[in-house]
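Engineer: In case you want the letters, here they are:
2 protein chains.
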Amino acid sequence: MTDYRRLRVALLGAGSVGSQVASLLRQHGDELADRAGATLELVGIAVRDVNAPREVDLPQELLTTDAKTLIVGADIVIELMGGIEPAREYLLEAINSGADVVTANKALLATHGPELFAAADQVGAQVYYEAAAAGAIPIIRPLRDSLAGDRVQRIMGIVNGTTNYILDRMDKEGAEFADVLADAQALGYAEADPTADVEGYDAAQKAAILASLAFHTTIPLESVHREGITQIDKSMMDAARKAGYVIKLLAVCERLNDDAGGESISVRVYPALVDREHPLASVHGANNAVFVQAEAAGNLMFYGAGAGGVQTASAVLGDVVSAARRHIAGGVGVGESTLANLPIVPIGHVTTRYQITLEVNDRPGVLATVAGTLSDGKVSIATVEQTVIDADDTDAATARLVIGTHKAREQDLSDTVDTLAASGVVARVVSVLRVEGD
Amino acid sequence: MTDYRRLRVALLGAGSVGSQVASLLRQHGDELADRAGATLELVGIAVRDVNAPREVDLPQELLTTDAKTLIVGADIVIELMGGIEPAREYLLEAINSGADVVTANKALLATHGPELFAAADQVGAQVYYEAAAAGAIPIIRPLRDSLAGDRVQRIMGIVNGTTNYILDRMDKEGAEFADVLADAQALGYAEADPTADVEGYDAAQKAAILASLAFHTTIPLESVHREGITQIDKSMMDAARKAGYVIKLLAVCERLNDDAGGESISVRVYPALVDREHPLASVHGANNAVFVQAEAAGNLMFYGAGAGGVQTASAVLGDVVSAARRHIAGGVGVGESTLANLPIVPIGHVTTRYQITLEVNDRPGVLATVAGTLSDGKVSIATVEQTVIDADDTDAATARLVIGTHKAREQDLSDTVDTLAASGVVARVVSVLRVEGD
Numbered sequence: 001m002t003d004y005r006r007l008r009v010a011l012l013g014a015g016s017v018g019s020q021v022a023s024l025l026r027q028h029g030d031e032l033a034d035r036a037g038a039t040l041e042l043v044g045i046a047v048r049d050v051n052a053p054r055e056v057d058l059p060q061e062l063l064t065t066d067a068k069t070l071i072v073g074a075d076i077v078i079e080l081m082g083g084i085e086p087a088r089e090y091l092l093e094a095i096n097s098g099a100d101v102v103t104a105n106k107a108l109l110a111t112h113g114p115e116l117f118a119a120a121d122q123v124g125a126q127v128y129y130e131a132a133a134a135g136a137i138p139i140i141r142p143l144r145d146s147l148a149g150d151r152v153q154r155i156m157g158i159v160n161g162t163t164n165y166i167l168d169r170m171d172k173e174g175a176e177f178a179d180v181l182a183d184a185q186a187l188g189y190a191e192a193d194p195t196a197d198v199e200g201y202d203a204a205q206k207a208a209i210l211a212s213l214a215f216h217t218t219i220p221l222e223s224v225h226r227e228g229i230t231q232i233d234k235s236m237m238d239a240a241r242k243a244g245y246v247i248k249l250l251a252v253c254e255r256l257n258d259d260a261g262g263e264s265i266s267v268r269v270y271p272a273l274v275d276r277e278h279p280l281a282s283v284h285g286a287n288n289a290v291f292v293q294a295e296a297a298g299n300l301m302f303y304g305a306g307a308g309g310v311q312t313a314s315a316v317l318g319d320v321v322s323a324a325r326r327h328i329a330g331g332v333g334v335g336e337s338t339l340a341n342l343p344i345v346p347i348g349h350v351t352t353r354y355q356i357t358l359e360v361n362d363r364p365g366v367l368a369t370v371a372g373t374l375s376d377g378k379v380s381i382a383t384v385e386q387t388v389i390d391a392d393d394t395d396a397a398t399a400r401l402v403i404g405t406h407k408a409r410e411q412d413l414s415d416t417v418d419t420l421a422a423s424g425v426v427a428r429v430v431s432v433l434r435v436e437g438d
Numbered sequence: 001m002t003d004y005r006r007l008r009v010a011l012l013g014a015g016s017v018g019s020q021v022a023s024l025l026r027q028h029g030d031e032l033a034d035r036a037g038a039t040l041e042l043v044g045i046a047v048r049d050v051n052a053p054r055e056v057d058l059p060q061e062l063l064t065t066d067a068k069t070l071i072v073g074a075d076i077v078i079e080l081m082g083g084i085e086p087a088r089e090y091l092l093e094a095i096n097s098g099a100d101v102v103t104a105n106k107a108l109l110a111t112h113g114p115e116l117f118a119a120a121d122q123v124g125a126q127v128y129y130e131a132a133a134a135g136a137i138p139i140i141r142p143l144r145d146s147l148a149g150d151r152v153q154r155i156m157g158i159v160n161g162t163t164n165y166i167l168d169r170m171d172k173e174g175a176e177f178a179d180v181l182a183d184a185q186a187l188g189y190a191e192a193d194p195t196a197d198v199e200g201y202d203a204a205q206k207a208a209i210l211a212s213l214a215f216h217t218t219i220p221l222e223s224v225h226r227e228g229i230t231q232i233d234k235s236m237m238d239a240a241r242k243a244g245y246v247i248k249l250l251a252v253c254e255r256l257n258d259d260a261g262g263e264s265i266s267v268r269v270y271p272a273l274v275d276r277e278h279p280l281a282s283v284h285g286a287n288n289a290v291f292v293q294a295e296a297a298g299n300l301m302f303y304g305a306g307a308g309g310v311q312t313a314s315a316v317l318g319d320v321v322s323a324a325r326r327h328i329a330g331g332v333g334v335g336e337s338t339l340a341n342l343p344i345v346p347i348g349h350v351t352t353r354y355q356i357t358l359e360v361n362d363r364p365g366v367l368a369t370v371a372g373t374l375s376d377g378k379v380s381i382a383t384v385e386q387t388v389i390d391a392d393d394t395d396a397a398t399a400r401l402v403i404g405t406h407k408a409r410e411q412d413l414s415d416t417v418d419t420l421a422a423s424g425v426v427a428r429v430v431s432v433l434r435v436e437g438d
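Chains as they are written, first to last, in the UniProt record's numbering: chain A, 1 to 438; chain B, 1 to 438.
Chain A on its own, in the form it takes in the complex (with noise of 0.2 angstroms):
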C-alpha cells in the first residue's frame, strides 16, 4: 500500500449519519486514501454519553465528550451534531485552527452560513455541505460548479422526504393526512413531533441554501415564505388528481424580471399542484429531486434519498474525500459567492398560476358575480369547472367551483379571494392552490 501523509479527522456527532459515516471510513479506509491522496485517521468521536446505545459497533476508546480537545489538531472536522449551538461553535474554532469543515447541518448553515464561509475565507479553508441541502444527491457540486457558467431561472425542489412519504400516499391511498402521519410515525419516517417536516421548516431551509448557490445571494431564512401540509386533505387530493395534477410540497427558487430589466429573487415552500406529466410528479416515497431550469442547461433534473444515515454518509464521505484533496494540494479555497447579492422580494411579489375551489350558491349571476370581481382583481380566468353538489349529502343550492387562473400576482389573488370569501355569493372558500411546474 502506498505511503501517504496522513490526515486527522475529527467526527462530531455519532447519531445515525455519524455512525455510518465513522463505520465506513474505518471499513474503507484504504479506498479512500487511494482517491484521496491521503490517509484518513479518524482520530476521535465528539458525543454527549460515551455510553449510550449506538446503530453501528464503534471502538469506545475513539469516543470522547471533549469536542474541544479533539478539534485541536484535526486537519479535516465532520460536524453531525446537528442544531445551532455548540455546533457553530465548534466549526469556527476548527476553522480558526486550520481545518477544513464538512457539515450536514442544514439549520446551522441557513442560519449562520454566511459567518461560517466568511471566517473560511479569512484563513483560506473550505466549508463542505454535499449533505446539507437533499441527502445523498450531489446537487451542491452541480449547482456550485457545474453551473457555474450558466444562469440558473428556476430551481423546483422535493427536498423533505417525510412530506413527499404522506402526500404519495394520501395521493395513491385515497387517505387522509392525520392517518397517513401517525403511519410514518410508527414506521419511523416521520418525528414523533413532526412540525420541522410537515410545517415546512426544513425544506425552507434547503431552499435558503440551495437560492443562495444558485444566485450567489446570500438569502437570510425570514426571507423564505413557508407553508406546510397540515391543511391537505383528502378532498383536495381527489380534486388534483380528477383535475390531472398531484401535490407536491415544492422548494421555489425563481429569479425574477421587473420591467425595467432589473432582476431579483423569490424563495417560497407550499404545497402546490405539479402536472402528473412533469418529471417531479413521479417521485414516490421518501425520495428527494430537484429539478433545475438554466438559462443555457435548459431542464435538468437530479434524484435519489433525500434522507437516511447510510445515504446522508455517502454525501459526507465524498465530501471528506474533496476536503483531503485540498489538503493535500494547497491552494485557497473556493469560498461561497454570493457577489449578484439579489433583492429577495416578498411572496405577494411573486405569479404563478393557481387553482381556487369555491363553494357558491347555485343560482342565476353568480358564476357573473365571480368572474367580474376576478377581473376587477386583476386575475385572469384560465379554465372555469362547475358541478352541482350532490343533492343527497348537501343543500342542493350549492354548487362547486373550480377556477384554474393564467399567472397572477400572489397580493392580487390573495386579495381577490378575500374579496370573493367577502361578497356573499360564495359560501365557503375551499381550496387555494398554486400551480407549478409549466
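No wet-lab data here; the hints were simulated from the structure.
Small disclaimer: the values here were computed from a predicted structure and weren't measured.
Worth double-checking, as some hints may not be accurate.
Said to hold, decoys possible - Taking lysine to any residue pairs in the SDA-like style, the calculated list, with each CA pair at most 25 angstroms apart, reads:
no., chain 1, residue 1, chain 2, residue 2
1, B, 234, B, 361
2, B, 172, A, 431
3, A, 172, B, 281
4, A, 172, B, 278
5, A, 172, B, 438
Here the structure of chain A is known, so what remains is to put chain B in place on it, guided by the hints.
Structural biologist: Using the frame of chain A, we list chain B on its own:
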C-alpha cells in the same frame, strides 16, 4: 466593477457548441468574472475557415486558422473541435505550456484520456470534461467528487440522444426503425451518416468515460462491448410493450464480485428491456439520464439534455469557471484516479436476465425439448408464454414462445440459443434481449 486578474481564454472550434460558448462568454462576461474571481478574456477562436457561415455571429477579429499560435500564452484552452487529431496534439501543447484545458471531446478522452491526464498530472494542470459524457447533465463532478467516498455498484445510462429519440418514437408511434431514422435525419436529430449513434459507438465512448471515473480504472475503448439498435423492429417494440417493458439503448457499467471475493468490472452498450416503472423508462425524446447505484447512497438519477449546442455550452462554461478559480487559487489539480484498475471482464462473463423470443413448431414435446435445452445450458426459466401464431398469416403449425430467464451468464445463454437454433424444433430465433434495471 471589481478589477480582477485577466485570464486569457483560447477557444479551438466554433461549431454548434463552440459558437455558443463564445457567445455566452461575451454576453455574461461580468457575471462569470464575479464567479470565477478573474476576468475571462476570449483572446481568439481557432477555426478551419474564418469565412465559413456560423450559427452565431462572432467578431471576425477573434477568428484565426492558427491554433498553435493562439495556444501560446493562453491560461485556459477550450477544445471543441472534435476528432482525435489535431485535437490531441493541441491539448498536449496547451497542457505543456501551463494552461488548464476544457474539452467536450468524448472520442479523444475515450481513446487518449490517460495520456492527457498523465501530461496534466506532470505539470500540475487539470483537464475538465463535464460536457463529454452526457451533454449538459452534471455527471462528471458527482461521480468524481460527490461519490468519492462511496462505492459505485452500477451505472445504467441513456447517454445518446439520437437513439433515445428514435426508440422513443418507435415505442410511442409503433413505427419502424428506418422510417423514424429518416425522419430524425430530416429534423436534424440524426446525422446523415448515423453510424456513430445507431451502432452505439458514441454511447460506448461515454460508457468508457463514466466507468473510468466510477471505478477508478483505465477503460480501453475496445474493452467496451457494443451493440447498436439497427436490429430493433416494430414487432420487438410491440412485444416489449405488451410485456411491460420499453427498449432503451443502455450504457451499463457494473462492478462484479467473483466467488473468491475478487472484483472486476463490465462495461457494455446494448439495447435492453427496461421495466416501464423504472425511472429510465420515462426518459423521452432526445433526453439523457444516468442512473447510478452506489453502496451507501443507494439509487441516484441525473437527467437532462444530452446534446445541443447551447446546452453543452453550459457544461463547458462551468468547467471554464472551475478552471479559472483553480488557476487563481493555485495548488495542483485533482488528477484522475486510476488506482483501483480493476480487471475488465469480457461480455461472456456478464450475467443478466434475458427475454428470448422463438418461433417453434407447434407439436407435442417441443416445450419440453426447449426447456430441457435451456436447463442443460445452465439457463433457468422464470416465465414462459406460448401463443399460437395466427393461422391466417402463417403456417398454422407454428407457435411463438417468449421465455424470460433468471440471471444467466452471457456465454451460457448465447451457447444455449445456438443449440436451440440448431435443434430442429425452433423455426426461428426472433430476438434475444437482455433485461436491465432490477
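Engineer: Hint by hint, which ones does this structure get wrong, listed from lowest number up?
Structural biologist: Violated: hint 2 alone.
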